[in-house]
Every structure is written in structure tokens, then in C-alpha cells.
Amino acid sequence: MSDLPIDIFTIIDLIIMSMLLVVGIALVRLNNLFAVVMLYGVYSLLAAIWFVSLDAVDVAFTEAAVGAGISTVLMLGAMLLTSREADPTPVLRRWTSFLIVAATGAALFYATLDMPSFGDAASPANSYVGLQYMHHTISEIGMPNVVTAVLASYRGYDTFGETVVVLTAGLGVMLILGIGVSGGQAAPSAPEVQSKTAKKSKDVSVKSTENHHIVLQVIAKMLIPIIVLYALYVQFHGDFGPGGGFQAGVILASAVILYSLIFGMEETRRAIPPRFVQIGTALGVLIYGGTGIVTLALGGKFLDYNVLNAHDPVHGQHLGIMFVEIGVLVTVASVMLAIYYGFAARYRELKDQDW
Amino acid sequence: MIEWAPILEVLRHGTAGAFMLVGALFMLIGSSGVLRLPDFYTRIHAAGITDTLATVLLLAGMMIEAGFTQTSAKLALVGIFLFLTSPTATHAVANAAHKAGLKPRLGTVEPPHPRDVDLNEEKS
Amino acid sequence: MIFVVTLMMTVAMAMMLARLLRGPELYDRVLAVNSFGTKTVLFLCLFSFLIDRPDGIDIAILYSLMNFIGTIAILKFFRYRSLDIALAQMALRRAVSGDYE
Chain W
1 MSDLPIDIFT IIDLIIMSML LVVGIALVRL NNLFAVVMLY GVYSLLAAIW FVSLDAVDVA
61 FTEAAVGAGI STVLMLGAML LTSREADPTP VLRRWTSFLI VAATGAALFY ATLDMPSFGD
121 AASPANSYVG LQYMHHTISE IGMPNVVTAV LASYRGYDTF GETVVVLTAG LGVMLILGIG
181 VSGGQAAPSA PEVQSKTAKK SKDVSVKSTE NHHIVLQVIA KMLIPIIVLY ALYVQFHGDF
241 GPGGGFQAGV ILASAVILYS LIFGMEETRR AIPPRFVQIG TALGVLIYGG TGIVTLALGG
301 KFLDYNVLNA HDPVHGQHLG IMFVEIGVLV TVASVMLAIY YGFAARYREL KDQDW
Chain D
356 MIEWAPILEV LRHGTAGAFM LVGALFMLIG SSGVLRLPDF YTRIHAAGIT DTLATVLLLA
416 GMMIEAGFTQ TSAKLALVGI FLFLTSPTAT HAVANAAHKA GLKPRLGTVE PPHPRDVDLN
476 EEKS
Chain V
480 MIFVVTLMMT VAMAMMLARL LRGPELYDRV LAVNSFGTKT VLFLCLFSFL IDRPDGIDIA
540 ILYSLMNFIG TIAILKFFRY RSLDIALAQM ALRRAVSGDY E
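Protein chains in written order, with my numbering: chain W, 1 to 355; chain D, 356 to 479; chain V, 480 to 580.
Rather than coming from a laboratory, the hints here were simulated on the basis of the structure.
Distance condition first, Cα-Cα at most 25 Å in a straight line; then the derived SDA-like pairs of lysine to any residue:
1) D:Lys429 - W:Ser53
2) D:Lys429 - W:Pro225
3) D:Lys429 - W:Val228
4) D:Lys429 - W:Phe9
5) D:Lys454 - V:Phe557
6) D:Lys429 - D:Ile404
7) W:Lys221 - D:Leu439
8) D:Lys458 - V:Glu504
Generate the whole structure from the sequences, applying the supplied hints.
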């Protein structure tokens, strides 16, 4: 299949891009928020294909992990907290914003003229440090997937910063929405919560159990372990193929979210207490930073994994990357769950007529 | 003496291609059904073709094409997962629509909706 | 051959997209989204064959698992207006602690 002309990829790219365009326009035009949430899912699917076509498999993997499952759920959660209606925007403001957006878009289009063409060997991204990383990864780190090597080792500082950013986002959501544990006022005791839930959702809850969502129950029970297993595969296979801590964390959180969708929040809080989630958000960053401190203590530089194994620097790199990725996994999974718990904790206060 | 290996190779590619083409054909049929059929419950049937038959045929074609490799194993995993999730999701959609009281558009006979039937009366 | 099949797949995806945009009921849209997801999974498989990079199949596996979650979430949310309540109960838990209600 390698002797196919390059032309056919252009055709597929054009089809995918035109579908992206249609979805984008529809996203702006549609009024139904449910349809918008679904269209976002489709947009992410198309974007993932587009990234694969650009040979950015790791990016596509992240898009796939975030776009289809978690972002839909979180957007639905956000939908519940917004009002269903909005005042129409005044005409003047609409035109002003249109002009600003159009000007920005035109400027961006103009800027693309200066960009190197796709895959240009002389482009800045491909010639200076990028080229060095490509040359030295095999001898210095010994990993087939250069993306993981760059992300966790060469650019370890940047990834540390990203992990802290994820933690900060989680902290922000927890501060604003809470997480469902005692935050100032005493946590409601278990029977109280149960009676509250039962009271609020008397008809729905009872009816739903009578309705026998047995198919969902069985399939979810089969799927959840598989998803967790796949998350671990993504985590530890990141050295060889696409994947790593960020993606694995999101997939792990998706498994928990599927559990809570089918078996309810009460059950999920029992399985994974919000306290664990709270601890996990900080623990991951601690593991990441701790790896750096250990390398300092062993006489190297911060996040210089060569010193982790005195005899074999390449093995030291492998160890360091593994620890760092575990830190990322813990933080990302916990933050995703914290946001989900935050949204879920709000639902009790809402009544049907508020929506 | 006939050299069997190249003949089998050609046969393999041919079989794989045939599987994939038929699968894609079913995919198109099902998709046009989803697009053109008149109401939700009929569209589910069309979507069912694409989610089961076409998917299995396409994946089988790709597995034959890939041969006995890791790629084949991964494709088999895709097949198993799709086989688990896709009909379940379709079931969930149909179930939700039915529970919410969405009525089929076709048909002149109108049986009472299950929502309105008294279950106790039916049992006795 | 694979290219022709991939093209047919994009046509099928476009049809699903049209149903998603038109679909009068929410359920039509959900059906279309779910079907679109299945097609994307297959498209990714075919496409990674086309570019000879089996990495794309990993993404396909991931999507085949994740697509389900979004569909269930939308349906549950539309019906119960909450992500909180249980659709089913762990049989073991009910046996141990008595009936939920």
C-alpha cells in the first residue's frame, strides 16, 4: 500500500476538514444544548482522525481519551448549572464581536503565509533542539516513542508545570463547587443522605430499578475492568506507542464515571471516597516533584534521571520516566474525578423546576 | 510443480478485499437507511446493520489482510468491544425513547402504550 | 481497495452527520452520534492500514470503549436530569444491606 499516490490522502483530509467545518458552523447555529454537547463529541472524533492523518498519534490519543467520554459528561454537568435560556444579544454587540473575530481570523490566516510547509525539514521545529532530540533519544533514553522521551525527560520541567496547572484547575473547581465532603459544614451522615436522595428522587429512583436497566448493568460490569486494564496498558505502553500518564489518567477517571453513571453517586462515593480524590490530586504532583528531589539528593540536577541508576543511565531514565508518568496519572485521574464529584455534589440542591 | 504461496497470497488479498467491500456496502445501505427512513424506530433497524454486520465484515476483512499479527489481535479487540458496546447503546436509546413515550409514526393499529397499561391487571 | 472502502466510510459518516444535524427528536441525534462513533472507530482502523501505522488502532480501541460513556451519559441526563441517581444496583450490595429504599 506504500506505492499509492499522495493525492488520496489529500482527498481524505479535505473530506474530514469539510466535515469539521460543517460541525463547527452547526455548533454555533444550534440552540439545543443537548445537540451542541453531542456535536462536540463528533467534533472531537473528527479532530482525532485529523490528528492521526497529521501523524500526531499522541495528540489524537489525548483527544480520543478526553473528547468522547469525559468532556461530554462534564459538559452535561455544566449544562445543569447554567440557565436554559439566555437574553438575545444586542445587534451592536453582535456586530462588534463579529468584526473582532473576523479581524483575528484574517490576521491568523495572514500569519500562515510565513509558516513553513508541512513536513519541511528546514523548519525551526525540525532543525534545532527537535533534531537533537530525535537523534539522541535512542542512545540516551532508549525509547521507541520520542514523544514520551521529550515529554517526560528532555522537557520534564514543562510537564511538571503542566501537572501543576492541572492540579490548580482541580483546586479551583473544588473551591468553587466543593467536592461533596465536609467543607466548612459537617458532612451529612449516611442515613440522612439516603433519605434525602430517596425523597428527592422517589419516583425516578424507584421506577428506574423497576425498569430493570439490567443490560446496562451487565455490560457495565464487563466493561469497567476492561477500561481500567486499558488505562494501565496506555500508562505502561507509553514508552513504545502512543499514550502516557495524561491519557491513562483520563481513561481511568472515565471508568469511574461509567460506574457512577450506572450505579449512582452514592455507590461511587463508597467505592472511591472524595477524600481519596482530594489526596490524589496533590499526591501525583508530590510523586513528580519527589522524583526530582531524589535526583537532586543523588547528586544530579532536578529531574535528571541518569543518576537514578548508578551503573546504567539509560535504565535510570526508564525508572525516572516511569515514576513521573505515575505522578501524572494520579494527578490527572484525581482532578478529573474531583471535577465530576464537584458537579455531582451540586445536584442535590437543585429542584426539577430550576432546570 | 505449482508454486502455492503466491496464489494463496493473492487469494488472501482477494478475500480480504471482498469482505471489506461487502462490509462497506452494508455500511452505506445502513447509513442511507438512517438518513431516509421515516421515524426513529425504523431508523434503529438501519443503524443496527451498520453496528453489527457491516462492522464484523469490515473487521474480518482487515484481519485477513493483516494476517497473523499483533494488528490482527488489536482488531479483534476492537470487534469485541464494539460488539459489546454498540448494541447496548442502541438498546439504551431505544429503551429511553420507548419509556419517554415516543410513538412510532407508521401503522394504523394503535395498541395501548406500555406506559398506560396497568401491570397488575395484566398479570391477573 | 482499502482506499475505496475508506471513501465509502466517509460517505457513511457524512450521512450520519446529516441525520445528527437534522434529527427531529433527541433520540435520533443520540442514535446518529453513537453510529458515527462506530464508523469513526472503523475509519481509524482502515486509515491506519492506509498509512501503515498500526498506532491508529490503539485509538480505535479507546474510542470503542469511550463512545459508550457519552451515549449513556446523554440518555441518563435527558431522562433523569441528573447524573447522580443509580440506573442499576450492585446485586451484592443490595443483598448485604437490604433494599435500597
